[in-house]
Every structure is written in structure tokens, then in C-alpha cells.
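One letter stands for each residue in the lines below.
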Amino acid sequence: MTRSPVFPLAVDGGRTGGSILAGLLSSDLPRSKVLTAILLAILLGLAATPFLFSGSQPLSTAAKICVFIVLVASYDLLLGYTGIVSFAHTMFFGIGGYGIAIALERLGATWFSVAIGLVAALLLSALLAIAIGLLSLRVRAIFFSMITLAVASAMAVLASQLSTITGGEDGLSFQLPVELRPAFRLLPEPVLGVSINGRLIAYYLLFFVALLTFLLLLRIVNSPFGRVLQAIRENEFRAEALGYRVVAYRTMASVVSALAATVAGALMALWLRYNGPDTTLSFSIMIDILLMVVIGGMGTMYGSVIGAMLFVLAQSYLQVLMSAGSTALAGVPVLPSLIHPDRWLLWLGALFVISVYAFPGGIVGRLRQATQ
Amino acid sequence: MTGMAVEPSASSEPLPRAKTDWLPLLLVPALALLALPLVGSGSTWVTLTVAGLAMGMMIFLMASGLTLVFGLMDIINFGHGVFISLGAYASLLVLGPLAAWAQAESVWLNLALLLLCILAAMGVTGIVGTVFERVIVRPVYGSHLKQILVTMGGLIVAEQAIHAIWGASPIPIPLPATLRGAFIIGDVVMERYRLVAVGIGLLVFVGMQLLLNRTRIGLLIRAGVENPEMVEALGYRIRRLFVSVFVAGSALAGLGGVMWAFYRQTLTAGMGMEVMVLVFIVIIIGGLGSVGGCFVGSMLVALVANYVGFIEPKLALISNILVMALVLIWRPQGLFPVARR
Amino acid sequence: MAEPLLQLSGVHTHIGPYHILHGVDLAAPAGQLTMLLGRNGAGKTTTLRTIMGLWRASSGTIRFDGRDIAKDGTPDIARTGIGYVPEAMGIFAALTVRENIVLAARNGPVDSARLDWMFGLFPSLKRFWNLPAGDLSGGQKQMLAIARAIAEPRRLLLIDEPTKGLAPVMVRSMIEAFRALKAAGETILLVEQNFYAASALGDNVIVMDDGRVVHSGLMSELVADKNLQRRLLGLSLDAHQ
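The listed protein sequences derive, respectively, from chains A, B and C.
The first sequence begins at 1107 in the numbering used here and counts up one residue at a time.
The second sequence begins at 52 in the numbering used here and counts up one residue at a time.
The third sequence begins at 13 in the numbering used here and counts up one residue at a time.
No wet-lab data here; the hints were simulated from the structure.
There may be inaccurate statements among the hints.
[Stated by the list, open to error] Computed footprint of chain A on chain B; a stretch qualifies when at least three of its residues, placed anywhere within it, have a C-beta under 8 Å from a C-beta of chain A:
(1) 196-204
(2) 363-377
[As the list claims (entries may be wrong)] Covered, in the sense of this in silico footprint (three residues per stretch, anywhere, with C-beta under 8 Å from a C-beta of chain A), are these stretches of chain B:
(3) 209-217
(4) 329-337
[Claimed, not checked] Derived Cβ-Cβ restraints for the label pairs, each shown as a range:
(5) Y208/C / G258/B: 47 to 57 Å
(6) V1300/A / A219/B: 48 to 58 Å
(7) K83/C / L1240/A: 44 to 54 Å
(8) I1236/A / L262/B: 54 to 64 Å
(9) L262/B / P1447/A: 42 to 52 Å
(10) L262/B / F1343/A: 42 to 52 Å
In this text, a Cβ means the ideal position worked out from N, Cα and C, and glycines have one as well.
Start from the sequences, fold in the hints, and give me the full structure.
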């Protein structure tokens, strides 16, 4: 395969030619004024969070959003661009987290340990992704979904069983390298009233790694490789007939996606200074990822930004809103129990189902449609 | 279906012989025999085997509907687990008012209670299955991707609905009095409830086999699994058939859910999804769409889990994955691949 | 002249993004055997599938016995009395020969006279009665497929390439069977690539190309007119002798 035929994207507008921005975004621009505004607001908001809000809660929320943007974008590569449903994405997320946690706990709180942990995790993820892909992607896509579900659950069980290595159900807490500890001060004086400490450095480390990974994923889906993936998604048999080795491409896609998820897991562990089954491996996180990617917009990459933002904010703040509503409706039968703060997932689930039927492009798709 | 008994007449042409695929069927007894020396003690082996069979029967109950629905209409319902949970919770409808029956030291009263629980579960899951099929599944025929997503969404919503109705905390459900404990014969220990589970599982399996092989509906289902289009071209409304199979599959999941709930003696909304991992492994091993394969697969997975759990407990939890990998390496389409079109 | 039993007028069919039938007009008169000829990809199979409702006609009418069935569902079309033998035969391989026939007789058991008649046409079905249909040879499967279409009295038989891939001896016995069906007064629309078989059987002939009907008339006329044959069928005349 020396020259790949070009499969143009569905809409290939917004080519501003040569500009740096287009280069950074791989010429895949938001293509909607509202979407551009929202994305810019999210970017600036995340970049300036430490200076806009005080206290640790907003910073943690922002960090979680950054991690989930990477996690969801990497899942979108698989679901939206390649058209296969994996339930093992949290497994790779977990491997990243455990890689960092185990390395830092065993080898000491150094940058060297971080590097070792990350590299080992990436290697393990790549191997697993290849093994699962080769075993199940050649049969039917539906096998892949079921097998990933089974393998992921076995991994979760394994992680909680091998407690000498993973800390079992309790997980692992560990020390970060000195520069990332809250007590570390980069500058003696606060800037704009915010002290430049290790926590802040950790946040920006996370922010920039997330941003870079996201841009890299955007580049990948817009490369010839990404276009082949979409061609396969649209018509597997035709792509096969054109000479593309479908299994190889799908396996590659799941490897790339697994690697990005591993990075996300590593970031999560670095931020939390902890990793355990519930923070990275649980099936409920898998469900959350699905909700985020579908509601945000499958196959758009930007959907992951919107989806992650919306979901994490909903998780943190929607419950407060619903609790108010529930109290206001006290006395009315059934209704209060439906908008009970614990039922927020019920409504996101319903939104998810409606999205799949009515707006397969999710929020991003809607915004782009409105523009046209 | 009588009146067509025609004897084949003799002729010089050699009669082709019906090929029965025995190998996968032999796998289960072979496995049991192989485990005997590894387990060591005969009585422990019996206990483990009964436990394995009981677990296998329950998995079969939960998985059989799913595999049939897939075979017939090429629909994979990732929300199937909800029917397991729902069936389990539906037994509360019976256990609440008839709490006295559970306390009674009467085998018949206890079994009747179990039966009523099963009926309630099948009724509720059957009704919800009808709605689920119409609202969730019907709009996404033909697209596996959307099916997986939408049925997953249905699962989220339904699990949350269970929380809204019955609360989010686990609910204990004790076994009826006479079904607790074990029969002890010599040094062989067999838990009573497991024997009941084996009995009910076998009953359902035999019933399904009779239905599939001896009735017109069964013929239609088997034909539909192979070639739904041709079934329609013969004048049968396969949609109606499909809805009934979907509803029956949901009801079976509900039945399995009740059995599973009494086995765990706890209800949680997520219990269905937890066991779905096993269910998927079983239907992959059996061959998607094959009821017989589903049965063999269930027994295989459950027996291996029990034997390995005794011999090398650390391995037990991933033994399913190993069994699946081995089977898929041997037969990539599962033990009994279903011919399609 | 009375209206033909089956009449297609201006039928267009799209399959996904592809436009396959471009306004097909054809008729199958009652009690006759109508041959549908044409090279691969001419739209013959699509025409039969459209009549059965397995593909939807995007426009045009399909009148069967005076009623438009173009919008009906496949089961309803079958229930009006149309038997269908698809190109791939559509045998239920996991079912026995007997079970295949039992399913085909939707309105109850096949009476013994009809069964004897079917066994007379296709003797091997009787011998393999209780064997899985999947174990039959190609020709036997084809016979089962046709037997299934006539397991009940039907008003029209749609049969797609019954001689495809069969050994010459099988082709001959298949032709015999169709002669017998004709003699029994069945109305048949038969897709055929084999002009030898077609010319031996057809009362009428319809030739399709590129999703349109390019010729229709009596078979005897086409058989007599070598030039017309060459123009309509090109090399297929000699290639299939």
C-alpha cells in the first residue's frame, strides 16, 4: 500500500490554509461559531482555573475534565471513527493509573519512576490491545464488544486480587516527585494572588499533556490513517475490497486509543496521588465514558471536550440543582423520587438514548447543523 | 404434525448419514472426569460438580433468551442484564405479602412460594421486555453499533429506575426455610437450593428442546435463525415471532434472575450486569444463536469455575476468560456455529 | 384479453444508494410459463425480490390478480399464493427435509396425494425425508426448494435460476419437473441463464438488460429468430449450450 486513496471527510470546509491554528487543529476546525466560542471558553477556562477560582474543589474538577477529555477523545477514535464498541477502555485507563502508582510506590517518588511507570503501562496496554484485537476483531465487531467486556471485568478482578502489587480494593497511595508536592514553591511570591506551588505545577502539567494528546488524536483522525478508519466504518467490505487490511487497521486504532487512555490514567493517578479499582477500573466509569462521547458527539473529537465538560459539571453540580427541585416538589407523588439528586444518571441515560436515535452527532453535530 | 409419515424406499444411491457434532457434547463429562483426580476426594468432587451444575443452570436460564434473540433477529441486547435484575426485584412483590410462606417449615409451601416468585418475575420482565423491544430495540434494527449503544442506554435508565422504585441499597432476600442447608449423604454435601436450581434448569432446558424440535413455533424459530427472509417468503410474519421470542427471552432472564437472587440472597440493581459478563462468555463459547451451545457453554464455564476455585483459587476468577480463549482458538465461531444464510 | 395474473408497471427499485430497476414493465399470464432472461446484473433477481417484497419498489405498481401488492409486506404477498425459490435456494439446512416441507405448508399438513405428486417429481426427497437438508447435494437442495414452493397449491411460482451450477443430468431432470408443473397448470415466472433449458420450457419470454425490459414476446418466436437472439442475448446463446 504505497499510496492511499483519499477518502474525503463528510464535510471538509473551514480550510483556512496554512494558518497556525488550522495546523494545530489538523485543518479540522469546529465549523460552527457557537461551538468555537464554547470550545474557546472551555480552553481558556481550564487554562485559567487556578486564577479564576479559589480552593481545591474547582481545581480538581478542572483536572478531572482535562483527564476525561483525553479519555473520551481516545474512546471516540474507536467508537466514532472506527465504529467498534469496546468495553475495555477503562482497563487501559486503569493500566495507566496502576503503572504510575506502582512505580512511584515501589521505586520512590522520582521523575524516573514516573517515566518507568508510564512506559511500562504503555507497553502493557499496547500488547493487550493487539492481543484482543487479533483474537476478536477478525470475527465480528459484536464479538469484540462482548470479549472486551469479559476481559475488562477479568482485569478488574485481577487488580483487586493481586493485592500485594496493586493494593487490592484499597488501591495505592503514593508520594509525587518533590516538584509536584503542594509544599513545593516555584516562586517565593504569589502571582495574581495565587501561590505557584507544586499543586499548580501538577495541574498545568496535566493540562498541557492533555492538550497535546488531544491535538495529537485530532491529527491522527485527520491523517490518511484516520480516513481509512472512517472508510472501514462506512463500508467494511468495500474497504476490504480496496485492499485495506481491515483487521490490521482496526487493531492499530484500538492500540492508539488504548495508549491515549493509558496516558489519561497516568494523569489521573498523578493528580489524585492515588489509584484504585474505583477511580480507574470500574464499569461505571465505562458507562460514563459512553455517555460523554455519545452526548458530546461521536466521530467529532470536539464532542469529547463538550461531553466531558458537561458530564463532569453535571456530576459535580447537577445534583445540587436536582436536590433543590426535589425539595420544591415535595408532596407530589413519584416526581420527587425521579428528580432525587441520586437520579441524575437516570436523566443522562435518557438523554443518551435520545441522542443515539435523534442526534447521532450529539451536541457538536447539532451545533454544526444549526450553522449550515 | 402427523399425517406425513412416509417411509424412505430402498434404492441403490447411498443414503447420506446425519452428522451429529458429538465432540463439544463430550467436553462436559470429559472435564468432570479430568477434574476428579485433581480434586482428589470423591465426595468433594460430587459437591463441586453439583455446585457447578447448579450455577451452570442459572447462567443458562439467563443466557438462553439472549442467544435466541441474537440468532433470530441479529440483535444483541446489552441491556439483557436489566431483566435479570428486574426479575429478581419482582420476586419482592410476592415475598412481601407472603412472608409467612417463607418461614413455614413446609417444603410444598416453600416451593409454591418460589414458583410464585418465578411467575411474578416472568410476568414483570415479559411486560417490560415488550416495551423494551418496542421503544429501545425496534428503531435500531440492522445497526449493531446503535444496538449496543441504545441497549446500554436502556440498561442505565432501567437500573436507575430500579433504584428509584426499590431504593439504591442492597435488599436481603433469605431462602425459604426448607430450602436452606444441605443434604448430607455420607461425606457428600449437597446444598438443597442448588439441587432445586439444577431441577428447574433442566426442566426449562428440556422444555425448550421440546418446543424447538417438536412444535411448529420451534421449527419457525430454528428456520428463522438460519434464514429469516425465507421464513417471511413462506408467508410467516416473523416480526410477531421475534417479539414473542424477545419477550420469552426477557422472561427467562427474569426467571434466571430470581434463581440467582436466592442464590446470592441479596438484591442489587447491578446484579444483572455483573452476571452478564458470564452470560456473554457463555453465548460466545456456545456459538451465537445456538441454544444447545449455550447449555454446554454454561455447564463448561460453571464447572471450570468451581473446580479451579477449589484447586487453585487465585485462578478461578479468570478461568472463564481462559476457557473462552481456548474454545475460540479451537472453534473461532463457538462450539456450535449457527449456519446463517 | 383478460388481465395477466401478474403485471408490473414502471417498477423502480433502489438498493441502498444504487438504482437497480429503471421502470420494469412485464406480465405473467395465468397458466403459462414465462421465462425471464438476461445477462448477469440485468436485474432479474432484483425483479423477483421486488415482487416478493424483499426489496421495496420505490415507484410503480405490481398488480397480482388485479390488486396492487407493491406496498404489502413479504408475508402478506406470500399469503396471496405466491411461492418463491430464491437464487440461493433458502434451504433451512439445520431442519430435516420433512421439516422444511412442513413449514412450507403453512395451512396445515400436506395431503398424501400432493405429497405423492411431489415425490413423483423429486424422488430423492422421499429417500432423504428425515435427514438434515444441509446434508443434501446441490441438486437435491434445489429440488427441495422447489418442492417447498409447491407444498401447497399456489397461484404463482417465482423461481430464480434453478439450474445454476447443476450437472447436466440434473438439469435434464429439472426440465422434466418443470414440464410436469406446466402440465399441472401452474403459473410460473422463471429466471434462467441457460437458454437451452429456457427455450425448452418457456411459453413466453422476457429479456432484461440494465434494469429494464428490452424484449417480451412468445418463446417460439425468439427461438425461431436467430438474429433477435444474437441481438438480445449475445454470446449467452452459444455459451450455455
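Quick one: which hint numbers does this structure break? Sort them smallest to largest. 6, 8 and 10
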